[in-house]
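**Student:** Sequence:
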Amino acid sequence: MSRDHVRSAERPADEAAAVDAEAPFLELLARGASADAYEQPLLLARAAGHPAERIGALEHAKLLALRVRSELEGRRRREAELSALFETAHDLAGLRDLDAVLRAIVQRARSLLGTDVAYLSLNDPERGDTYMRVTEGSVAARFQQLRLGMGEGLGGLVAQTARPYVTDDYFEDDRFQHTSTIDAGVRDEGLVAILGVPLTLGHHVIGVLFAADRRARVFERAQIALLGSFAALAAAAIDTANLLTETRSALAGLERANEIIQDRSGVIERASEVHDRLAELVLRGGGVHDVAAAVAEVLDGTVEFTEAAAAPAEALEASRAEGHAVPHADDWIAAVAAGGELLGALVLRGHPGLDPVDQRTLERAAMVTSLLLLARRSAAEAEQRVRGELLDDLLDARDRDPRLLRERAARLRADLDATHVVLAARLDGTAADAEQKADARRRLWSAASHLAATRHGLAAARDGGTVLLLPLTPGDTATGLARQTARQLGTAVHEAVTVGASAPVRDLAERPDTVTAAYAEGRRCLDALRLLGRTGDGAAAEDFGFLGLLLATDRDIAGFVDRTIGQVVAYDDRRGTDLLRTLDAYFGCGMSPARTKDALHVHVNTVAQRLERVGRLLGDDWQSPARALEIQLALRLHHLSAPDRH
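According to our numbering, the residues represented by the sequence shown are 1 to 646, in order.
These aren't lab readings, by the way, just hints derived from the structure by calculation. Computed from a predicted structure; not experimentally measured. Mixed in with the good hints, there may be bad ones.
Now the in silico label distances, taken between C-beta atoms and shown as ranges [said to hold, decoys possible]:
| id | residue 1 | residue 2 | range |
| --- | --- | --- | --- |
| 1 | Asp620 | Leu532 | 25 to 35 angstroms |
| 2 | Asp428 | Val602 | 45 to 55 angstroms |
| 3 | Gly464 | Asp330 | 44 to 54 angstroms |
Glycine residues also receive a C-beta, built at the ideal position from the N, C-alpha and C atoms.
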């Protein structure tokens with residue numbers, strides 16, 4: 001038999017022996033037996049007296065089986081570690097509670113590394129130290145409450161170097177800084193071996209993850225790497241939580257911003273609405289109360305325009321000085337001013353809190369109000385000047401066209417064909433200097449112009465005072481109108497105003513000279529009032545009779561005669577009658593008709609008829625003592641002023 005044939009015959013026999021030797025160990029691997037159990041097949045073979053070749057084969061098979069067993073255990077361990085890491089990553093992906101995720105990380109690290117304690121510390125940038133965030137397996141309260149200064153203890157070394165560090169015996173290790181506080185906490189917990197790995201975000205260490213035993217222990221590199229993986233997940237969890245917090249904060253900020261934008265949009269819309277409405281009011285000639293009503297509707301409150309004297313003085317002055325609306329109790333005050341002059345205030349009531357845009361809306365409304373007041377004042381002043389010019393023309397230009405005078409008066413809503421009274425008004429206050437006197441006269445003219453406009457009359461400044469031409473309403477008298485005018489003007493200027501009135505005059509456009517004469521009469525009446533000490537009062541020329549003639553400095557004899565017996569003189573001139581001579585004889589005969597007939601050489605009935613005609617011309621009371629005295633004086637003055645007639 002050849003050598004090759006012998007070798008080929010021996011190979012199957014060797015392989016069969018090897019398979020026979022491996023079989024018991026395969027069964028042990030399948031059962032997951034402990035390492036000690038792998039000695040059993042060898043012990044049985046030796047006890048049975050198997051040959052050395054058999055024992056050698058079993059020894060070789062045992063070593064192979066233990067290697068396989070170790071590899072399987074490593075794979076199972078890595079599988080468990082990967083599973084734990086996967087579960088942690090899964091928890092991180094569904095992060096809802098950071099503390100729960102960190103506790104799970106610490107628990108799994110402790111379980112997989114098989115340590116007594118695991119814990120995680122985080123940096124506190126505000127306090128400049130680190131604190132225990134999560135502990136697992138700890139039993140000492142002092143240890144759980146430890147706060148470590150930067151660079152202190154094993155954790156300080158890890159944080160400074162951003163590298164893992166391990167100590168087999170904490171108290172004998174001098175690579176890091178020991179402190180009494182940290183050492184006391186570690187001693188209370190009974191820790192000996194400690195492994196620490198950094199939690200890093202980018203290049204920054206934010207904390208340390210620890211695994212520790214209460215006995216001496218050597219941590220393998222795989223365990224250090226595993227704890228580092230958990231530390232990376234913990235850092236990611238913290239970063240994710242921070243991002244979520246920032247995101248939630250940003251979302252909350254966006255929601256608040258959106259609410260603010262919506263509120264601001266509403267406020268701006270209100271401001272735009274107010275702007276449009278105020279512009280419309282100005283264009284259609286609205287008044288200050290229309291402005292207040294428009295602003296009140298938009299701001300949903302009560303807005304009032306008040307005179308400067310009625311507004312809170314301190315708040316009004318502050319608003320004028322600052323140029324803004326200012327709060328006052330539960331109200332807001334916006335000064336209505338033009339230049340340095342306070343015209344009044346817009347008051348928003350019951351709005352203690354006011355949006356800045358709404359505040360500017362109130363301020364714009366105050367500005368529009370001041371413009372309206374100035375426009376109204378300018379228009380009023382222009383109308384006052386026009387009224388004054390017309391009255392000046394009636395007083396001075398007697399040759400004006402009556403038609404043009406009527407047209408000008410009609411544009412001012414005055415009727416020159418109606419019965420009027422001319423009134424002379426003057427202030428009786430004691431002004432200190434010329435400037436104050438001029439200011440007082442301006443105020444009187446302004447008040448008189450306003451009164452004339454409301455009464456459809458005219459007013460003008462004249463001779464240091466004011467002259468008014470006012471219509472006489474049915475049932476009123478010149479005296480009543482004079483007294484009413486004195487009261488109204490005095491109230492307007494807050495000083496005593498004395499007013500003298502003429503007798504009623506008619507047909508002013510056709511007879512402008514009557515206005516001049518009536519003004520002179522009104523001034524004489526005014527002088528009489530002042531001489532009698534009746535300042536601040538009003539009266540008409542008819543109230544004084546011939547006394548007015550005596551008291552006046554500029555005695556108008558012709559005017560007195562005309563007012564008293566002018567109707568009789570005119571009648572005689574037209575009819576060629578002797579009423580004046582009859583009157584003179586009647587008074588000369590002691591008001592006896594019988595004696596009068598003898599003096600005139602006429603029948604008594606003729607005297608009676610003439611006296612009846614006189615009564616119709618002069619009024620039924622012409623024989624009263626006062627009227628009789630005035631008529632006799634007028635007759636005497638008439639004779640003296642025209643002696644050639646008799």
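**Student:** Now, for every hint given, state plainly whether the structure supports it.
**Tutor:** Outcome of the hint check:
no., hint, result
1, Asp620 / Leu532: 25 to 35 angstroms, "holds (29 angstroms)"
2, Asp428 / Val602: 45 to 55 angstroms, "holds (54 angstroms)"
3, Gly464 / Asp330: 44 to 54 angstroms, "holds (50 angstroms)"
Hint compliance for this structure: no hint is broken.
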